[in-house]
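Protein chains in written order, with the working numbering: chain Z, 601 to 959; chain U, 8 to 132; chain G, 922 to 1048; chain F, 12 to 166.
Read the hints as simulated data drawn from the structure, not as lab findings. It is possible that some hints are incorrect.
[What the hints assert, rightly or not] Computed from the model, here is a short list of chain Z residues facing chain G with C-beta under 7 Å:
| no. | residue |
| --- | --- |
| 1 | D687 |
| 2 | P689 |
| 3 | G744 |
| 4 | G750 |
[Unchecked claim] For lysine-lysine, the following BS3-like pairs were computed, each having C-alpha atoms within a straight-line distance of at most 30 Å:
| no. | chain 1 | residue 1 | chain 2 | residue 2 |
| --- | --- | --- | --- | --- |
| 5 | Z | K603 | U | K116 |
| 6 | G | K951 | Z | K771 |
| 7 | G | K988 | G | K965 |
| 8 | G | K975 | Z | K685 |
| 9 | G | K1010 | G | K951 |
| 10 | Z | K685 | G | K974 |
| 11 | Z | K859 | Z | K685 |
| 12 | U | K44 | G | K988 |
| 13 | F | K58 | U | K116 |
| 14 | F | K78 | U | K116 |
| 15 | F | K115 | U | K116 |
None of the values given here were measured: they were computed from a predicted structure. No residue lacks a Cβ here, since even glycine has one placed at the ideal position from N, Cα and C.
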Amino acid sequence: MSKQIIVPFGPQHPVLPEPIHLDLVLEDETVVDVIPSIGYIHRGFEKLVEKREFTEYVYVAERTCGICSFVHGATYCEGIEQIMKIDVPERAQYLRVIWSEFSRLHSHLLWLGCFADSFGFENLFMGAWKTRERVLDFMEETTGGRVIQGTSKIGGVRRDISSERLDKMVKDLDILDQEMKELTTVFLHDDSVRHRLRNVGVISREDAYHLGAVGPTARGSGVAIDMRKLGYGAYDRLNVPVITDSCGDCLSRCTVRAKELFTSTDLIRQAVSKIPDGPVEVKVTGAPDGEYFTRAEQPRGELVHYLKGNGSKFLVRSRIRTPTLTNIPPLIKMLQGCELADVPVIVLSIDPCISCTER
Amino acid sequence: MTAQAQATTIIDVGKLVGSVEHYRNEGYRLVQIGCTKVGDTYEINYSFDKDYHFENIRIVVSADTEVPSISGMYWNSFIYENEMHDLFGIQVRGMNIDFKGTLFRTSVKYPFSQPPVTVTKGDKP
Amino acid sequence: MAFFEMVRTALRTVLQQPVTILYPAQAAKKTPISRGHVVHDGSKCISCSICVKKCPSQAIILNKEAKTWQIDRFRCVVCNSCVDTCPTKCLSMDTQYTAPAAAKGIETFTITYVKPPKPEKKDEQKP
Amino acid sequence: MTYLQKSPWIVHYNASSCNGCDIEILAALTPVFDVERFGIVNTGNPKHADILLCTGSVNERNKVPLKNVYDMIPEPKVVVAIGICAASGGIFRECYNVQGGIDKIIPVDVWVPGCAARPESIIDGVVTALGILEQKRAKMLEKGSAGSIKAGEAV
């Protein structure tokens, strides 16, 4: 039995774009235990509901996270709409799906890039981010913002996309698909990548399920949970395939995300083919009275917005449970027993988004 | 847009562990534990999900009630329970990993149990 | 096969234009609806102060006596909220982003709007 | 010391921002914007860096790491605060756990506005910072031999 030492990891670390701190308890080179400490980005903006009217809180909800900004905004709006029983126009629902799927593309491409960087494949990192710019270009052309879209609104969306623009977008998707295909071929079939990721950070199906893993982390272990199956927004009128992989290691999680890129482009095509004409917003009067748990599929997994109003302009509580928060216990499980050199890869494999985790 | 069925059962603190055990045996996963301050009491929601079927149990406690931890059934509950303790000041008994108030280090102690600060609109930048 | 794949990629990379925008030399990528900064048109502003109320980060100060409309560019989150709610459309979003600066400052616009002689609207603007 | 003006290295620290500005910093490093053509390299080690790119409004827990990262950067150094949160706290200004700006903790040389700051904006900000870095370097040379700063005098 060798002596145990504790190695601190973070908050400022070359592979981490965001601060999280892990105390790694090591026995020789093997990690035996991990103590996470978070709170480096805790701003406490859930408390802002007491100061901002519920219509203005949308801007705050959108700035929960810079990567999945649109999903947060839309999920919050949907929660309020459910409480107030507002019927959102069809077109707005489809537009939300289109923007959500573009968010997913942007987030997954970003993650693939950062992940490639974590195992030292710089070229692939650059390639992924080059492709991602196409998605961001579309975002900016239709919403006016690159990462903070700002198009969510209670009762609909703030901008419409013209049908010509939608048709052009579908044509552009083919180029995007082609580029992503080349990119994901490297991730899924390159020998050096496979050797680096296979059997690293394994978590079994049972563990993943009972420890509350969501999103690609769960689906990489064979747990088919995808909140888009709930049929919120316009997802109930679209065919959403749930991608799973059975090995539960870093390569599986990578495979799931790589394949989801293509389901996202497919969903966008489906949405564009079905989108009806009509208004994109309805007028909202009154104030929310009641409570609702909105669940949506963020790029990282299941997102829960709990909203409670008491009939005044100010909500009583907004509670945001983000996927990374619930993916931390599975991460601890994955890290136990791994090598010290694998820690950065495993930490990145759950796609940690610390900014939304700590709110 | 279809609203999801969201059943919420209000139970006593004493029955919490039993109810959670029931969900655990049924194969539900823990979605979240969230706390809300309503007046002087705190509502704690435990949400469970199985095959997209979403259920809640709720306990209503006062600030000095000690809540039993459910980390025996759901190992991952420690993160929510520590959060509840750090932000609301609710004492949770028997957590498997107790951060003792260091998970979220905030400038205000138990910020969510404090009254809201007055609105400072239009102040000079 | 992998060799041909590589040659194909290499050839394509050599032949096609570089993706890099040589930024300071070339113009930045922008779209007509890019959110850059808020512009105020003093000749249309009726000092209704709806923008002040709707601003989520309280970056706008309106002084009715001095007839000035001020915005703190280092507090404005460019959310388009004021532009959407302005009743007279005196606010608009320009695509040019605010330039980086070594010191923070507040930008001041003067309101030159004069209320028409027929007092129909209920605004507090002195004629 | 002349090599410094040609290839400034940056270190990035996220002091409780929403991630938007951080990914835009990374985007500025990647092919489409490619700041590496100016010799700018993103390093993970503050000891190698000249410019600190800082995002976010600084919360209770981030104060100390931010100060540490700043102290570890050798002189001359410049701090570029990126985004509205870094300048004033922005939309989160009224949150209980927010200090409201990088300048509450460390001196800031350049402010880059934007929510989220665009990569072009960040490039502009870094270019402005280079001018300031050059001035600081000249001042240091004036004060004495820049290579032999005594310990303790550096910060």
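Hint check results:
Because the smallest distance between the Cβ of Z/D687 and any Cβ of chain G comes to about 22 Å, over 7 Å, the interface hint for this residue is violated. Of the supplied interface hints, the one on Z/P689 is violated, with its beta-carbon coming no nearer than about 18 Å to a beta-carbon of chain G, more than 7 Å. Given the 7 Å rule on beta carbons, the hint for Z/G744 holds: about 4 Å separates it from the nearest Cβ of chain G. Using the Cβ-Cβ criterion of 7 Å, the hint placing Z/G750 at the interface with chain G is satisfied: the shortest such distance is roughly 5 Å.
A C-alpha spacing of about 37 Å is found between Z/K603 and U/K116, which places the hinted pair above 30 Å, so the restraint is violated. With a C-alpha separation of about 21 Å, the suggested pairing of G/K951 with Z/K771 holds against the 30 Å cut-off. At roughly 12 Å between alpha-carbon atoms, G/K988 and G/K965 fall within 30 Å of each other, so this suggested pair holds. At most 30 Å may separate the alpha-carbon atoms for a hinted pair to count; G/K975 and Z/K685 meet this at roughly 24 Å.
Note on G/K1010 and G/K951: the hinted pairing holds, with a Cα-Cα distance of about 23 Å set against a maximum of 30 Å. About 26 Å separates the Cα atoms of Z/K685 and G/K974, which keeps this hinted pair within 30 Å; it holds. The suggested pairing of Z/K859 with Z/K685 is violated, with an alpha-carbon distance near 36 Å, which exceeds 30 Å. For the hint linking U/K44 to G/K988, the alpha-carbon distance of about 44 Å lies beyond 30 Å, and the restraint is violated.
Straight-line distance between C-alpha atoms of F/K58 and U/K116 comes to about 35 Å, which puts the hinted pair past the 30 Å bound. Between F/K78 and U/K116, the direct Cα distance comes to roughly 23 Å. Compliance with the 30 Å bound is thereby established for this hinted pair. Only pairs whose Cα atoms come within 30 Å are accepted, and F/K115 paired with U/K116 is accepted, the gap being roughly 21 Å.
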